Structure formats: structure tokens, C-alpha cells
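Chemist: For reference, the chains in residue letters:
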Amino acid sequence: MTGDQNDGNGRNDGNDGNQHGGGSAVSRAEHCVVACAEAWRGDGEVLASPIGLIPSLGARLARLTFSPDLLLTDGEALLTGEDGSVEGWLPYRRHLELVSGGRRHVMMGASQLDRHGNQNISRIGGGEPPERQLLGVRGAPVNTLNHPVSYWVPRHSPRVFVTRVDMVCGVGYDRAAAAGPSASRYHRIPRVVSDLGVFDFETPDRSMRLASLHPGVTLDRVRAATGFALTVPEPLPYTRDPGPGELRLIREVLDPEGLRDREIGAVAR
Amino acid sequence: MSDKTMTPERAVGELRSGMTIGIGGWGSRRKPMALVRALLRTDVTELTVISCGGPDIGLLAAAGRIRRLIAPFVTLDSVPLEPHYRAARERGGLALTEIDEAMFLWGLRAAANRLPFLPVRAGLGSDVMRVSPELRTVVSPYEDGEEFVAVPALRMDAALVHLDRADRHGNGQYLGPDPYFDDLFCAAAERAYLSCERLVDGFAGAVPQTLLIGRHSVTGVVETPNGAHFTSCAPGHGRDEAFQRMYATTPWDAFAERFLQGDEKAYQAAVESWHQERTR
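Quick note, the sequences are listed as chains D and S, same order.
Residues 6 to 274 (the numbering used here) make up the first sequence, in order.
Residues 14 to 293 (the numbering used here) make up the second sequence, in order.
Read the hints as simulated data drawn from the structure, not as lab findings.
Model, not experiment: these values are computed from the prediction.
Don't take every hint at face value.
Okay, the calculated bits of chain D under chain S, using three or more residues with CB under 8 Å as the criterion [to be verified]:
#, segment
1, 54-64
2, 67-74
3, 154-162
4, 239-248
If you want the ones that stay clear, here's a sample from chain S, every Cβ over 10 Å from chain D, calculated [stated by the list, open to error]:
#, residue
5, GLU59
6, THR88
7, GLU111
8, ILE112
9, GLY136
10, SER139
11, GLY249
12, ALA283
13, VAL284
14, SER286
In silico contact screen, one side only, chain S against chain D (beta carbon under 10 Å); selected entries [as the list claims (entries may be wrong)]:
#, residue
15, PRO85
16, ARG102
17, ASP113
18, MET142
19, PRO146
20, GLU147
21, TYR155
22, LEU188
23, GLY189
24, ASP191
Quick reminder that beta carbons are idealized off the backbone N, C-alpha and C, glycines included.
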């Protein structure tokens, strides 16, 4: 699956340099970037809010290719074009109103994530004091009740994919349904992307499903790294390769220094 | 018009133990750090603090001054987790009322508008309702009949904020890209203390939209050049990342010993000599 793309991508072989080990095989990080980009396909004119490097590359790739109307920020208060030009103002107070208005799709991180998509970034240990104090709920409650929320997990492990999260920050499908129509009305978790695969909740009980394996990953490995049973479709697809144009954008325009590979680690090749 | 200028000592001298205090800025951005340092030099303690938390919370929590924190997060931005705050939390050193960012903003608005609550969708289904069992919901009286969280007003006894410019009467101007919630903090508080990078005689030629805070909501004005240090104060200066990294990796006692023993002038001098040692 990570086969040699030299013939297909129209690139000069030399461009790969040392970063890609002498070939232009698609790296795991590049599959992750494309899998993240796909989260924003068809979203139209909404704010794409990627948290973390790989989701950021994905959002920008989506805007440069199949989702050109996406809005992106400079990470602070400005809405910016691909060349860095300013097209609008979005300080925190307006940002939170945009969230409530629903014209946004965020890809957040997760310290813990369960089979119905409940997410925790606040603390480890549900009691007082916490075993580990993490960031806090931040905007996870408002995000998940108002607009699509996807997740990015750079190191898929049973410590992240747990049976039950210690504190529900991002609301999952079971909790949204139990909280009533006001909670579930705009609730949607389109996808979870990890370094091993793509996951969604396209099952009758809205529990997590393995939507695709990244090339080079086995189903056994995903199962061993997940603390609950996953629904697995038959046949099981692989995450698609980036096209030649997408590879060129990732490697030459969006991340010429190859920072993406550092986030995923050398294992993912 | 009255002259409201005062020293940092005089401003924090009006605070009392047990008060509810709001701190402006956001994370490690434009925090009124000089006022927080001045507060550390008093014996005021048992505070309830309302903040989009950054190192302001780390300093006060490490020094044991916070009884309860009301916040959606505490972060140093470039260092995701605030180590001194975490340590205080993990040893049971302070209680936390954890609310969502939108709940926080609407809570400030409720207080600024003298309303007991405002409805928000955020919070339903999440554990903010579990960790704060005093939170209530409210049902729309209209046809939709939807249920929302009734975010209680975040009223405070005093607010501390830092802006780029202010006049002697308490009018404040921000020059960076984001006002954060500083005007709302001042409006939500009984008393508000505004520190600024530079005191000015007026705002001739200013872009009117930068005049964020009106004097009617300000009790005291304090000129504290570099007073947001080590947080960012764009466009004047960015975050002092090197200093922040050192703060985040230095045991609290050692940090306090070197930087927090004297007044604000001594702090700024200690920061300068730390940078000189580092680059030597």
C-alpha cells in the first residue's frame, strides 16, 4: 500500500531527499494528512479549526484542493488566505459566537475517547483531587453541541481509546441522545483519525467503527491498541493514497521541512 | 474628572482575603502579571478566581492563594499544560469549578448586564454538569420548548486587566488583534484595576474601536511598563518564550526566590539579568 509512487506523482525523485528515505513512498504522516483533509470535504463555507500540526496540514490541503471555500485563521484572531493575507477578524468573543452559530468544523485532540465518542482533555481520574490535571474542558462542550467535531489522535493506544472517559468534555452520541433534543440537534462527530486508521460512528447504535486502515497497519494492531470492541466492515478498506497533486502540495508547499513525520514518528513509514 | 492613577501596591491594597477576583487576558496572553505579582506580595488569600487561566493562575495557585478557581482551562499556550497549577491541583490545593469557554463568556455577559443567568446550549450532556451540581437548566417558554444550561452570572468583587494604553481617568485602549474579555471583566466587577504599558494624556488620532474600556467601569489605573511579562502583549512585544520555559521547568520555590522577592522594579531587573546570563 505504501508502494513506490515515483511513476505516478510526476515529481522529481530528488525532491524526496533524506526525509523520505530515498524513495517517494507515501509516509504514514501523509496518509494521516489526507485522512484529516477528508474530514472537511463537502463542508462548504465554514471555519475549519484544526488543532495540531497534522490536522492543520489536512485543513489547508482541503482548502487548496476539494474544499476551496473553507475559512482558516492564523491561530489567533485573524482569518487568513493561503498567502497569509488577512480576510477577516475573529477574536475569541466572535469565535465563540461563530461556534454557537454552527458554521464551523473543528478537529480537536483527545486525551481519552470512548466508543460513543465522548472525549476528555480535562483530567485523569474523575474525583477530587484529580490524579493528573490536564488542560480543562476548554470549548469541547460548546463545540460538540453546536457543530461537527472530529478528533485527531497521533498515538493510538488503549490509554486513549478507553471504555469510559474520566470526564466528558466533548459529548459523545450516547450522552447527547440522553441529554435530549437540544443537545443532539446539532451534534455530529464525522470522524476520528489516528496514526493507525480512520474511525466513524456509522453503526446502528452510534458506536465506533473502523472506517479504514492506514496502509501498512494490520487489523490486529488496531484491535490491540483499542480498549473496546470496534465494528469492522467487510471488506475493510484502506485509507486512500494522496494523489500526485496532493503529495506535491504536502511536500513542497505546506510542509517542506517534513515536520509531519516527526509528529507521527519513524515507525510510520 | 478624577485622577485614578495609583501604584500596583495601592491597587492590590484594596483587595481582601475571600474576595472573588477576575483576571483578564487569555492563557499566556496579555495577563495583568505586574498586578498579580503585587498581589503575591500581600497576604491576601482564600480567593475565588475567575480567569481564562494562564501563568496568573500558576503563580497564585503555587503560592496557595486560591481557594476556588472558575475557569474553562489553564494553559501557557506554547507549553500546553501549566505545571505549577497542575501540581497544586494534584495535591488538592484548590477547588475547581470547570466551565466551558462559551459558558464563561455568557457568564461574564450575564454579570455585565445584571442578569442572574443567560441560556447556552453548551454544557448539556457533558460532565461540567456533574462536577458543578449547582448548575441548573432552563426551558424555553416559546414553541420550541428547548432546554438550555442557565449559566450563572460571573459577578466579581474586583477585576484586574492589562491594556496597552490608558489615560488617568480609566479609559483603556488595546492595540493587539484581540480584546479578549477585558471590558466584560471590568463591567462584571464591583471594582476594576487597569494596568497599562503606558499612561497617555488622550487618544487623539486613535482608531475608535481600539478604545475598549470606558472610565465608568474602572476604579484605578496603574502604569506598569512590561507589566504583562512574561505573557504576550502584542503588538508591543510577544511572549517571553525563553523565560516562560524556564518558569515552567523551575521548581516553584527556586523561581519565587529569584524573581518574586522584591517589588516590580526588582522583578524586571531580575528578568533582565537572567536574559543576560543566558546569552552570555
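Chemist: Hint by hint, note whether the structure agrees.
Modeler: Hint check results:
no. : hint    : result
1   : 54-64   : violated (count 0)
2   : 67-74   : violated (count 0)
3   : 154-162 : violated (count 0)
4   : 239-248 : violated (count 0)
5   : GLU59   : holds, 18 Å
6   : THR88   : violated, 6 Å
7   : GLU111  : violated, 6 Å
8   : ILE112  : violated, 7 Å
9   : GLY136  : violated, 5 Å
10  : SER139  : violated, 4 Å
11  : GLY249  : holds, 15 Å
12  : ALA283  : holds, 29 Å
13  : VAL284  : holds, 24 Å
14  : SER286  : holds, 31 Å
15  : PRO85   : holds, 6 Å
16  : ARG102  : holds, 4 Å
17  : ASP113  : holds, 4 Å
18  : MET142  : holds, 9 Å
19  : PRO146  : violated, 13 Å
20  : GLU147  : violated, 15 Å
21  : TYR155  : violated, 13 Å
22  : LEU188  : violated, 13 Å
23  : GLY189  : holds, 8 Å
24  : ASP191  : holds, 4 Å
Of the numbered hints given earlier, the model fails hints 1, 2, 3, 4, 6, 7, 8, 9, 10, 19, 20, 21, 22; all others are met.
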